[in-house]
Each structure stands twice: as C-alpha cells, then as structure tokens.
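Chains A and B are the protein sequences, given in the same order.
Be aware that the first sequence starts at 1, since it is given in our numbering, and climbs by one per residue.
Be aware that the second sequence starts at 1, since it is given in our numbering, and climbs by one per residue.
Bear in mind the hints are in silico, worked out from the structure with no lab data behind them.
Glycine included, each C-beta is placed from N, C-alpha and C at the ideal position.
Each hint should be verified, as a subset may be incorrect.
Far from chain B, some chain A residues (derived; all Cβ distances over 10 Å) [said to hold, decoys possible]:
| hint | residue |
| --- | --- |
| 1 | Arg10 |
| 2 | Val18 |
| 3 | Gly53 |
| 4 | Asp173 |
| 5 | Asp176 |
Below are the SDA-like pairs computed for lysine to any residue, each with C-alpha atoms no more than 20 Å apart in a straight line [to be verified]:
| hint | chain 1 | residue 1 | chain 2 | residue 2 |
| --- | --- | --- | --- | --- |
| 6 | A | Lys196 | A | Glu212 |
| 7 | B | Lys167 | A | Glu94 |
| 8 | A | Lys124 | A | Leu171 |
| 9 | A | Lys124 | A | Lys80 |
| 10 | A | Lys80 | B | Asn188 |
| 11 | B | Lys167 | A | His108 |
Output of the computed footprint for chain A on chain B, the stretches with three or more beta carbons under 8 Å from beta carbons of chain A [to be verified]:
| hint | segment |
| --- | --- |
| 12 | 167 to 174 |
| 13 | 188 to 194 |
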Amino acid sequence: MTTPVLEIERLRKRFGGVIAVDDVSLRLEAGRIYGLIGPNGSGKTTLFNCITGVERRDGGRVRVSGERVDGLRPWEIAQKGVGRTFQVIRVFPELSALENLLVVTRGHLGGARTRALELLRFVKLEGLRDEYAGNLSYGQQKLLEFVRVLMRDPTLILLDEPAAGVNRTLLNDLLDAVRQLRDRGKTILLVEHDMKVVMGLCETVFVLDHGEKIAEGAPGIIQTDERVIEAYFGR
Amino acid sequence: MNVHITPTMLGQVVISGILSGALYAMVALGLALIFGVMRIINVAHGPLLMLGAYTTYFLYSALGINPYLTVPVSMLVLFVVGVLLERTLVFRVVDAPELSSLLLTFGISIALVNLAQLLFTSDLRAVEYLTGSWVVGPFALSKSRLVAFVFAGALTGLAFLFLGWTKLGKAIRATSQSREVAMVCGINVQRIHLITFGLAAALAAAGGALIAVIVAIQPEMGQIWTFKSFLVIVLGGAGNYPGALLGGVLLGLIEQVASLFLTTQLSEVVAYVLLVVILLVQPTGLLGGRQT
Numbered sequence: 001m002t003t004p005v006l007e008i009e010r011l012r013k014r015f016g017g018v019i020a021v022d023d024v025s026l027r028l029e030a031g032r033i034y035g036l037i038g039p040n041g042s043g044k045t046t047l048f049n050c051i052t053g054v055e056r057r058d059g060g061r062v063r064v065s066g067e068r069v070d071g072l073r074p075w076e077i078a079q080k081g082v083g084r085t086f087q088v089i090r091v092f093p094e095l096s097a098l099e100n101l102l103v104v105t106r107g108h109l110g111g112a113r114t115r116a117l118e119l120l121r122f123v124k125l126e127g128l129r130d131e132y133a134g135n136l137s138y139g140q141q142k143l144l145e146f147v148r149v150l151m152r153d154p155t156l157i158l159l160d161e162p163a164a165g166v167n168r169t170l171l172n173d174l175l176d177a178v179r180q181l182r183d184r185g186k187t188i189l190l191v192e193h194d195m196k197v198v199m200g201l202c203e204t205v206f207v208l209d210h211g212e213k214i215a216e217g218a219p220g221i222i223q224t225d226e227r228v229i230e231a232y233f234g235r
Numbered sequence: 001m002n003v004h005i006t007p008t009m010l011g012q013v014v015i016s017g018i019l020s021g022a023l024y025a026m027v028a029l030g031l032a033l034i035f036g037v038m039r040i041i042n043v044a045h046g047p048l049l050m051l052g053a054y055t056t057y058f059l060y061s062a063l064g065i066n067p068y069l070t071v072p073v074s075m076l077v078l079f080v081v082g083v084l085l086e087r088t089l090v091f092r093v094v095d096a097p098e099l100s101s102l103l104l105t106f107g108i109s110i111a112l113v114n115l116a117q118l119l120f121t122s123d124l125r126a127v128e129y130l131t132g133s134w135v136v137g138p139f140a141l142s143k144s145r146l147v148a149f150v151f152a153g154a155l156t157g158l159a160f161l162f163l164g165w166t167k168l169g170k171a172i173r174a175t176s177q178s179r180e181v182a183m184v185c186g187i188n189v190q191r192i193h194l195i196t197f198g199l200a201a202a203l204a205a206a207g208g209a210l211i212a213v214i215v216a217i218q219p220e221m222g223q224i225w226t227f228k229s230f231l232v233i234v235l236g237g238a239g240n241y242p243g244a245l246l247g248g249v250l251l252g253l254i255e256q257v258a259s260l261f262l263t264t265q266l267s268e269v270v271a272y273v274l275l276v277v278i279l280l281v282q283p284t285g286l287l288g289g290r291q292t
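Same shape as in the complex, but just chain B (with noise of 0.2 Å):
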C-alpha cells in the first residue's frame, strides 16, 4: 500500500481518535467500577450497552423524544437492570473463583442478547437524528461523534466527581480498596456492591445511547463493547479509574492512526494485537494497576 499521509489526514485523526476516545473512556469506567470493586469481569458488560441503545431507540421511535434526552431515562433504566441482576444473580458469585463469575457473566451476556432477538429482532435500527458534520477549517466533525463526545466528557466528569466527593463515591473507592476494612469499619459492601453494578449499568446505557445516534443498532451490538472495555480497562490498569481515560483515548487514536496505514478489516485487529502484548510486556496496565 502506498499511502501518502498529509498534516490534515493526521489531524483528521487525532480529533476522530479523541472523539470516540471519550465514549470508550465512559463506557469503560463502568466496567473497571465493577472489577474494581467486585473482582468480576462482567462479560455482560456489552449487552446492557445494547439494551440502553435499544431504550434511546424506542423512546425516540415510539414516542418521539429527543434522543439525547433520552439518556438519562436510559441510565435510569439500566442502573435498574443492573441493580435487579446483581441483587438476584451477580451477588452469589462475588466470592467465588474467577471462573464463576466469568461464566454467570458469560451466561448473562447470552441471554440478554437473545432476548432481544426474540423481542425486537436482529433488523438494524437506526435513530436518524442528527446526521452530517460541521466543517471547522480542513476537518470534518461528525455532529453525532461531537455530541456524544460532549456527553461522555460531562457524564466520566460528574462520576469522578461523585467518586470523590461524596460518602457513597469514597465508601465505593474504600470498598474497592479493602472489601474487608470496609465491613469491619461498618460500610454495608452489599449495598455498595449493588450500587456500583448499577452504576456501571447506567454508564453503559449513556454509551449505548450515544452509540445509537451514530451507528445502527441490533442485538449482537453489545459484545464488541465487552472487549473494547476490557481493552482499555487493562491498557489504563486494571481497578485504576482514572487509567480508563487514559485508555479510552489511547484506544480511540491507536483505531484511528491504524485505519490510516490499513484496510478497516486489519485496522480492528491492531487493538487486540495490542491487548496480547500489553498483557504479555506490561499486565498491570501503563498506569499501573492497584496497589493490593
């Protein structure tokens, strides 16, 4: 191949990498929440993703809502969702080997994706609302990408924030700290457990949102997200929060720097060529991982 890369291409890219950059910092923090303080990876991370899509969908299909009103109802659906699976299946495998929560999430994973088969079919959906790019200068930005980078800023903003300074964001960083210290220093880790699963629920419903006004949707949406996050979680370190966002961006730019050089096929495969050597060179993530 013989490509010849101009500044503005490069330009072009850095904005696109960052743009979807933020959307996987966001997504992704929901899930390192939950390893972070349940020592589960939630394979079902992707579906309620997609379930959150498919929430944005219907309210702005159905009953014609602005779609980026939408997500915090989606949010709200979701965190709901999650809090009735944890309370109900996640919450027996908390102390279990890694393979049981593995394989419950594993199960989860499925079965979400299939009923939404059953209940809203594989058709692709599309929420056609805001299309086309604003031209600023050489670059094009997808108005869709902007907003949803706008909104993932403000939503990792306002958990950060609440991670750290409110009661129940420090009992959740405390939790993930010391489970133990924390029940003997009187924090109820059930509760925060089921708290945090919802938490990281809504964070995945705000991306499958956001997702949905850029691309079409459909059930199987979702798993490609479980691994994305998973790919970030583990370049930023595992169980590290704000090593999320760092990993987010990284991931957005290494995407798009890829799709540069190679054909779109080859370009996804550099992020999980990338995730084998991480985890080969450098297992605790480049900002390292927790500390115990």
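The following block holds chain A by itself, in its conformation from the complex (with noise of 0.2 Å):
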C-alpha cells in the first residue's frame, strides 16, 4: 500500500463544550479528488483548519506524505506541501496582483517572477498584474487566490467552496483547473455545497454531521446513503 498524501486519525477538536470535529479519521491517496460535504456547522471548514495547522486540534494525528504534521506551525505545515484557499476570497488586497504570487514563493524572487507570471496568463490575469489585487473582481481574487495556492506547487490543496459565488464560465475554468492539477498528481479534497460541482468532480466523498464522520464512498452510492439524506433533509 502506498503512503497517503493525506492521513487523519481519530482528529478532535472542540470549543468549549461544543465538539466541532469528533474522531473523523480520512485518508487520501495521491492524484485523486475527494469531496467534503456536509450541513452548515457540521466542521468542514474547523477540519481544515485542524489540518493546516490554524486550529490547534485537541486530540488525534495528521500525516502528511507519512510525516507527522500535527502540532507544527501553520507555514511549516505550507511548507511541508500544503496549500488550501478560504471558503471568503482572502488575497492580499494592497499587494498587486504579481505581489500576491510573489509573497508566497519559496525560492528568490527572479525565479519565481517566471513561474508566477505564467500563473496569472493560465488563469488570464496577466493584463492586471500591477493591479492592486483588492480592486480585482470577485472572481477575478477567486482565480488569483486559486493561482496563489499553485505558487508553493502543493501535494495536497484544500480548497473551501471553490465554486461559491462563480458564474458559470469561470467555474467550468475552475473545474477544468482543479482536473489538470489531478492529471498531474496533485491530490485536491474540497469543501463544497453545490452538489452538481460535488458529484460531477470528486472520486471519493466524506461527509460530515456534528463533527462526525457518517458516510465515505463514491458519489452515487453517498447519495443514496440514509443516514446522509437523513443529515441533510432530517428524519
């Protein structure tokens, strides 16, 4: 058996006496999607910050390509092939557009310059590159947030409803995006509420209620699945 991109066991983590995350234990394998859906508040988006280290997480481990990762510091985590976007647009809104690419690369700056130029003409940003990215459009700071990600060439992306608040050219673009990164073996879980997004793209899907994991498996047989339509709809 290979070792998972991706390995959470038994992960908790609570605030207060509410436990947002509940023993939830995934494991992902390389170049594949997985979806992570879920009512409002069931812990989706506590779960990534559990995983890329912004929450502390109050018991269970996180492996990353097989090294623990638990306990490290947000950028470590980043640096160890992490990247994810936020369910709000979160760009730099007072660095332009190049800045933002810039800001998060490893290497020198004259390296990087090459490679995030060829971002911002993939997602057909190059024109704004001076921009300031806070005067960008929506979708425009969801593509450059979406490219940022892409600059630290991640093994693992999380992306938090990558499709919320896109129309629909830019979505298909996102998908098509999200797809290619797959075909190049990068493993991708998402969060999202549009279902059509959500069966039409990911291989595997988790599903999250109270903090719990209840249901794994492929889309078609999670959507038949009674304790998920019973989270979602009530009994």
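Since each chain sits alone in its own frame, please combine them into the complex, following the hints.
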C-alpha cells in the first residue's frame, strides 16, 4: 500500500463544550479528488483549519505524505506541501496581483517571477498583474487566490467552496484546472455545497455531520445513503 | 500678542517644519510597522530611540567617530536589541488583548529609561559636531537639522524600497494585511515579527543618532518621541505606511506654525489637541487606515 498524501486519525477539536470535529479519520491517496460535504456547522472548515495548523487540535494525528504535521506551525505545514483557499476570498488586498504570488514563493524573487507570470497567464490575469488585488473583481480574486496556492507547487490542495459565487464559465475553468492538477498527481480535497460540482468532480466523498464522519464513498453511493439524507433533510 | 508675520518668517517656518517632519516620519514609520504587522502599539519606541542616541554619543565621545558614520552602527545595535526584546518578551503578547501589549511595552519603556539613568546618569550630554547654520538668502538652515533631514529622507526612502521590492518586504506587507493567510501561505510570521521589530528599533535608533547631534540628550528624551510618533501615525492613518510620511511632515509644519503665534510651551500643546480632535473626527487618519 502506498503512503497516503493525507492521513487523519481520530482528529478531535472542541470549542468550549461544543465538539466541532469528533474523532474523524480520513485517508487521501495521491492523484485523486475528494469531496468533503455536510450541513452548515458540521465541522468542514474546522477540519481544514486543523489540517493547516490554524487551529490546534485537541486529539488525534495528521500525517502529510507519512510525516506527522499536527503540532507544527501553519507555515511549516504549508512548507510540507499543503495549500489552501478560504471560504471567503482572502487575497492580500494592498499587494498587486503579481506580488500576491511572489510573496508566497519558496525561492528567490527572480525565478519565482517567471512562474508567477505563467500562473497569471493561466487564469488570464496577466494584464492586471500590477493592479492591487483588492481592486480585482470577485471572480478575479478567486482565481488569484487559486493560483496563489499553486505557487508553492503543493502536493495536497484544500479548496474551501471553490464554486461559491462564481459564474458558470469561470466555474468550468476552475473545475478544468482542478482536473488538470489531479492528472498531474496532485491530491485535492474540496469543501463544496454545490452538489452538482461535488458529484461531477469527486471520486470519493466524505460526509460530516455534527463533527462526525457519517459516510464515505463514491458520490453515487453517498447520495442514497440514509444517514446522509437524514443529515441534510432531517428524519 | 501682537505678531507681525513676514513672508520670510513664514518661509523659515515651512523650511524648519519640513526639516523636522522628515525625522518625525522616519521614526514614526518604525512605530507604524510594528502596529501594522503585530497590532501592537510599542510604547518603548521612544526609549529605543534614546538608546540609539546614546550609542552614537559614546561612539563619538569615547572613540571620536564622526557621529554621522555612527548612524548605521546605532541602527545595527538597536536592530539586535529589538530582535532580543521581541524574542524574549514581545512575542508573548502578539495575540493577547491590546491592554497586555500596552502594559508590556510600557514596562519595557520604564525599564529602559531607568536602566539608562543608572548606567549613563541623568546628565545632559551633547555631541558637539555640526553647529551653526548655513545662510541661504533670507533663510537660516541649521546644519545639523539639514543633515538629519537628508539622512532621514534617504533612510525612509530605503525602507520603502525594501518594503516594496524585496521578498522580505513584500512578506512584511502581506503579514500586515492578513496574518492568518500569510501563515497558511507558508510565510513564517514569527520570523516576520522578529525582523519587523528589529527594523522598527533600527529606524528609531537612526532618529536618536541624528537627534543627538541636534540637541543634548538624556535618558528621558525618548518618551516624547513615542507620543510624537503615535501622533504622526494617527495623522497619517494607522497601518498606512505612506501615511506616516504625510503625518510626519504635517506634524513638523503644525509645530513650527504654532510656534510663530504661541509661546514654546503652548505650541507643544497644539499637536496634542490636534491628536484628540483627529481621533474624534477622523479616527482612521487623514489618508485612511488599513482596509481590513
């Protein structure tokens, strides 16, 4: 068996009396697209925060490519090859589009510039490279945030609601880009409310409800799972 | 009071205001950086400036080094002091409520001033190097103030080049725009905090070194600079780095113009009255503060 890109074992996070993530275990293999779904407040974003080290977990283990990362600082985890986007877009508003990419690079500015310009061209933002990111449209900021993740060439990419607030054309471009990344061996885990996107893109779907993983499997199977239907629509 | 103001007097006041304004801007930029990146108001900023002034004084009086050549040395020494302070104390309050960081830096400020009184005594000390004025037409330009202006302008320019064009500078700006995103993007924000604090202390030290040539120094000279720097960043907009430039020059001009009409003691008050008014009327500063 190959080493999973992400392995979460009995991860637990509580906020006061509320258990946000309750003994969740996940295993993500290389070169696949995974979905993470669940009703609002089911712990999806908290799980992302625990993986990226923004929140300290209360129990359990997280391994990236076989290496323990729980307890590391967020930048150390990012340096191990984990990239993420946020539910609400978060670019650096007062850096130019180009600088938004340059600032997160690993090496020196010179080499990074070529790659940054390539990525801007990839999402058709090269004409706006010197514009403050805060002045870009919502869709453009979304694309910028997406390619900022790619700047570090991560092995694991966490996308928090990539389809939210995006028009059809842009969405299709984004989904194509995600598939291309998968084909290049990247592993993608995405939180998404748009079920069409999840069902059309993901090979495996995890379902969270009240912090617990209640189902896992191919999208077709998940859709008919009784616990999942109950979590979404009530009994 | 019946003052007759001539155009020459006004010109002189504008020149003096701009000369001291550049110094204010440079020192305040340090305070603005720490506030922007770490969300801390560093009350010890002025006392760090005082240490820079003493570094220059001792290098000049003991070793006879040209005081202007000591500027980079003072900056380096205080960069190290700043880094040590951040590493040992200040990092503990970065995520704490504002009061914790205010109290901590206030404590550091008192400790530094008392330490200086103990080590250097409260005697006034002067670096008598460049005295007198150059006379240009009807205006008199104090030599030491003019040189201080040139240094402050150049160092502030370098600081902005660093922030704008180097990777580290970009990372500092990114961290001040969103610390959490910077972290998740792989920027070691602990290191950024360390460097920012060191850099701010170095800018204060440059101010101290230049001031030492202008006026006599003593251990309590610093606190007023904390307040003036604070006033400058409030004028320019907290967290808005170019705003510190505008705020610095404005403060210089306001002080000088006020000195035309009022006694020295009263003109010192004008700046603080202005601080209160701006906080009440336009609390984000004249250029507006940070957006997030």
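Against the structure, the hints:
1. Arg10: holds (24 Å)
2. Val18: holds (21 Å)
3. Gly53: Non-interface label fails for glycine 53 of chain A: nearest chain B Cβ at 8 Å, not farther than 10 Å.
4. Asp173: holds (22 Å)
5. Asp176: Check passes; 24 Å lies beyond 10 Å.
6. A/Lys196 - A/Glu212: violated (23 Å)
7. B/Lys167 - A/Glu94: holds (15 Å)
8. A/Lys124 - A/Leu171: It holds: about 14 Å lies between the C-alpha atoms, which stays within 20 Å.
9. A/Lys124 - A/Lys80: violated (28 Å)
10. A/Lys80 - B/Asn188: holds (13 Å)
11. B/Lys167 - A/His108: Since the Cα atoms of lysine 167 of chain B and histidine 108 of chain A sit roughly 8 Å apart, the hinted pair holds (cutoff 20 Å).
12. 167 to 174: As far as the segment 167 to 174 of chain B goes, the hint holds, because 5 residues have Cβ atoms under 8 Å from chain A.
13. 188 to 194: Since three or more residues must qualify, the claim that chain A covers the segment 188 to 194 of chain B holds, with 3 doing so at under 8 Å.
Comparing the model with each earlier hint shows violations of hints 3, 6 and 9; every other hint is respected.
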